[in-house]
Amino acid sequence: MHELSIVSSIVDTVTESVAAYPGARVKEVRLRVGALASVIEESLQFCYGIATEDTPLAGSALVVRILPVILHCEPCGMDVELEGVQSFRCPRCDEPSYDLRQGRELEIDSIEIEEGE
Amino acid sequence: MTTRIVELRRGILKKNDELAAGLRERYGAAGVLVLNLVSSPGTGKTAFLERTLTALKARGARVAALVGDLETDNDARRLAASGAPVRQINTHGICHLDAEMIAKHLEGWELGELDYLFIENVGNLVCPSSYDLGEKIRVALLSVTEGEDKPLKYPTLFNSADAAVITKMDIAEPCGFDRAEALKNINEIRPGIRIFETSAKTGAGMDAWLDYLAEERAVL
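Order-wise, the sequence lines are chains A and B. Under the working numbering, residues 1 to 117 are what the first sequence spells out, in order. Under the working numbering, residues 1001 to 1220 are what the second sequence spells out, in order.
Keep in mind the hints are simulated off the structure, nothing from the lab. These numbers were taken from a predicted model, which means no experiment stands behind them. C-beta atoms are modelled at their ideal positions from N, C-alpha and C, and glycine is treated no differently. You may find that some hints are simply not true.
Unchecked claim - Which bits of chain B does chain A cover? Going by a derived footprint, with three or more residues having C-beta under 8 Å, they are:
no., region
1, 1001-1012
2, 1156-1168
3, 1182-1191
As the list claims (entries may be wrong) - Below, a sample of chain A positions facing chain B; criterion: calculated Cβ distance under 7 Å:
no., residue
4, Ile10
5, Leu106
6, Ile113
Excised from the complex, chain A in its bound form:
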């Protein structure tokens, strides 16, 4: 249920950022969300519609890109991508690893705006 606080934070950040482009309309907000970020896209989308009303983000689309977990595997000497989040082992050599290189992201990547005139 913290999706609403997350969306409110998105609205604040984007509103601040578009202030530099007077008269601009926000068309799209793109997020990068790690598979371990414990955020549910459906809930985000649901809150987004409500929380953006009467803000510069009203009517914009929210695009969520989910990033898989990437671990560094010491024995293989490389970063490896996990298919899920049920086992933190290297898919190549099966060695467990806690050296997380990606998967906890929760960030606004970019926004697409339409400038008038």
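Model the placement of chain B on the given structure of chain A, informed by the hints.
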């Protein structure tokens, strides 16, 4: 009309992360070991913490606790019986504690006069995982009544934990608790994590936990 892409690359919880980083710095400078206790409602965080506070005080340590709940100060009153300073944080519907609430409730406390500060989070295995409170150690608790697959169901919390505590070990047998399976699942999600099997009722496993706290406090 021109369309423009503006790169932001900004963490959504940046405000919380910055506040938490400030808290972490304060805790470090004060030499206080801060722990964030996270579990489902009913795991026994409060009973475990009552026992921990009382035992640490008996060992001569200076301890304090912040406890989060949606409503009521019942847990703060229970914990205060240990003689430690305790403050209740009522979130009024918010499902987690955040760094701002912690900063606000620390006002007036001299952190330099503490060895340990425990933060008992709101009972919830999902949302607290996203909010850094500046803690040194995040503790994920799991009771024997909850099912051995809880770590698999809530990987975000268990993966981000520094230590895991299994509570209510005194009733493990009647609950049909499969200890090996639980340990395996915790390790699958968070390889190498320290696991403590405890009972706040009988005191079993508490010594290992208290020794761990002392070790962590010593290397601050």
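- Taking a Cβ-Cβ distance under 8 Å as contact, does the region 1156-1168 of chain B have three or more residues in contact with chain A? This one holds; 4 residues, not fewer than the three required, reach chain A with a Cβ under 8 Å.
- Task: Against chain B, run the beta carbon of isoleucine 10 of chain A and see if the smallest gap drops under 7 Å.
- Result: 6 Å, holds
- Task: Go through the hint on leucine 106 of chain A and say holds or violated, using the shortest Cβ distance to chain B against 7 Å.
- Result: 5 Å, holds
- Query: Are there three or more residues in the region 1182-1191 of chain B whose C-beta lies closer than 8 Å to some C-beta of chain A?
  - Reply: n = 5 at 8 Å, threshold three: holds.
- Message: Take the shortest C-beta to C-beta distance between isoleucine 113 of chain A and chain B; is it under 7 Å?
- Response: 5 Å, holds
- Does the region 1001-1012 of chain B contain three or more residues whose Cβ lies closer than 8 Å to a Cβ of chain A? holds (count 12)
The earlier numbered hints are all upheld by this structure, with none contradicted.
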